[in-house]
Each structure stands twice: as structure tokens, then as C-alpha cells.
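Could you slot chain B onto chain A? The hints should help.
Here's the letter readout for the chains.
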Amino acid sequence: GAGVSQSPSNKVTEKGKDVELRCDPISGHTALYWYRQSLGQGLEFLIYFQGNSAPDKSGLPSDRFSAERTGGSVSTLTIQRTQQEDSAVYLCASSLRLAGATDTQYFGPGTRLTVL
Amino acid sequence: DQQVKQNSPSLSVQEGRISILNCDYTNSMFDYFLWYKKYPAEGPTFLISISSIKDKNEDGRFTVFLNKSAKHLSLHIVPSQPGDSAVYFCAASGLGRGGSNYKLTFGKGTLLTVNP
Numbered sequence: 028g029a030g031v032s033q034s035p036s037n038k039v040t041e042k043g044k045d046v047e048l049r050c051d052p053i054s055g056h057t058a059l060y061w062y063r064q065s066l067g068q069g070l071e072f073l074i075y076f077q078g079n080s081a082p083d084k085s086g087l088p089s090d091r092f093s094a095e096r097t098g099g100s101v102s103t104l105t106i107q108r109t110q111q112e113d114s115a116v117y118l119c120a121s122s123l124r125l126a127g128a129t130d131t132q133y134f135g136p137g138t139r140l141t142v143l
Numbered sequence: 442d443q444q445v446k447q448n449s450p451s452l453s454v455q456e457g458r459i460s461i462l463n464c465d466y467t468n469s470m471f472d473y474f475l476w477y478k479k480y481p482a483e484g485p486t487f488l489i490s491i492s493s494i495k496d497k498n499e500d501g502r503f504t505v506f507l508n509k510s511a512k513h514l515s516l517h518i519v520p521s522q523p524g525d526s527a528v529y530f531c532a533a534s535g536l537g538r539g540g541s542n543y544k545l546t547f548g549k550g551t552l553l554t555v556n557p
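Protein sequences appear in the order of chains A and B.
Residue numbering for the first sequence follows the working numbering, beginning at 28 and increasing consecutively.
Residue numbering for the second sequence follows the working numbering, beginning at 442 and increasing consecutively.
Chain A with its partners taken away, still in its complex shape (with noise of 0.2 angstroms):
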């Protein structure tokens, strides 16, 4: 079966410019989480859905970073006015469920993002 899927794998763009990063989660999977990476770093949180809601959207970096879900399955991740800081991989993951960490994560290969 196929896993989850992200698009584009790469993505190019200049300061200041928006940019939309896409996720499909596993088949049936109910929860969906945004994570990212920067050069060095380890993943950092952004954002969850159960279904298509978010309740917990602490991780966000900024008013600039939104994301929604649609249909409980595909998952939109957008950037308003990129900044340089905004530069990382950005990684999707979805989960059967929402029941606690020992319902596994399963990652997507992630969208690298260079802000010029």
C-alpha cells in the first residue's frame, strides 16, 4: 500500500513569496502532523489534525505559517511571505489514530524548502 505522500520534494522560492506544501496521509489514517527540520536540528512539532480539525497549533512558528485538512485526508501546509529562517525540510506524518504516541507515526520523505 502506499505510504504518505508529499509534494513537491523540493521548492525553490524568494523572500517574500508564498508557498503552499502538500501532504497525503496513509488511507484511513485519522491523524495527520506537520513536523519540520532546519540545517542541524532535530524535527520540531508544528502542527496535528484529528480529522479535519486542529486543535493544537502551539508548534506553529509564526502568523505566517497556517495549514488545513480537508476530507480527513489531504493536508495543506502554507507559508506566507517566506523569510530565510523558513528554510528546512518539512516533514508529514499520519497515524491511524489519535491515541497517544504508541500509535505510530509514519513519515512522508518531506518537502525541502530553500528560501533564497
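Simulated from the structure, these hints should not be mistaken for laboratory data.
We put the beta carbon where it would ideally sit given N, CA and C, even for glycine.
Some chain B residues judged to face chain A by a derived CB distance under 7 angstroms, without partners named: (1) Glu483; (2) Gly484; (3) Pro485; (4) Phe487; (5) Lys544; (6) Phe547; (7) Gly548; (8) Lys549.
Residues of chain A placed beyond 12 angstroms of chain B at every Cβ, according to the derived structure: (9) Lys38; (10) Thr40; (11) Glu41; (12) Lys42; (13) Asp45; (14) Val46; (15) Pro88; (16) Ser89; (17) Glu95; (18) Thr97; (19) Gly99; (20) Val101; (21) Thr105; (22) Gln110; (23) Thr141; (24) Val142.
DSS-like mimics (lysine-lysine), calculated; alpha carbons at most 25 angstroms apart, straight line: (25) B/Lys497 with B/Lys509; (26) B/Lys549 with B/Lys497; (27) A/Lys38 with B/Lys549; (28) B/Lys495 with B/Lys512; (29) A/Lys84 with B/Lys549; (30) B/Lys512 with B/Lys497.
For chain B alone, kept in the frame of chain A given last:
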């Protein structure tokens, strides 16, 4: 502050020998710990986990040890194989400060190289 620390950025071992990857954490409310493996250009893949009620969990060549009093866990791979060469991330979750039972807090990773 970094709540999950992997102090060794890299480790090199010979094929057939034991690899020991270490991880320390500071948040005493973490109660579930995971190891993920990551190959270049791929997302992290779940390897093994341990609950805080245990001190050891074994799965084939992989064993995770947890020392709660020292807030330390380690991943043992024996025997190591060249295909094990990857970045290994330690992650934790729990209902502590800034935590949740679904939000994973990751270390920065350790690059393991297994030489033939």
C-alpha cells in the same frame, strides 16, 4: 531548551560489532520513547519503542534500554550491518511541560556508519 539530546553526532562501527546509540532527556514527564531511522532523501521510519514502565524492549537485532533514574536511553544494534547505516533519531512524548501524548520531541540525530 533541548529536551531530548543525542550528544554524539556520528558513530562508526565495524560490521558484525555492536552499535550503541545514546539519548538523554530532561523532561521527567516523558513516558514513551521511540527510535526512528532515516535514510537520505527519505522520511524517518519507526524502528522500536519503549514505555516508561519497562526498562528493556527487544526486536530482533534491536534492543532499547531505558534508565529512568538517569533519564537515559540507548539503542543497541547487534550485529551491525552495512544496511544499518543511517541517521538515528531518538524521540519522546508525554504529558509534561509543552508535551502531549502525541507530540513527539526529537533529538538532533546520530549518523551511524557501519563499515564492511
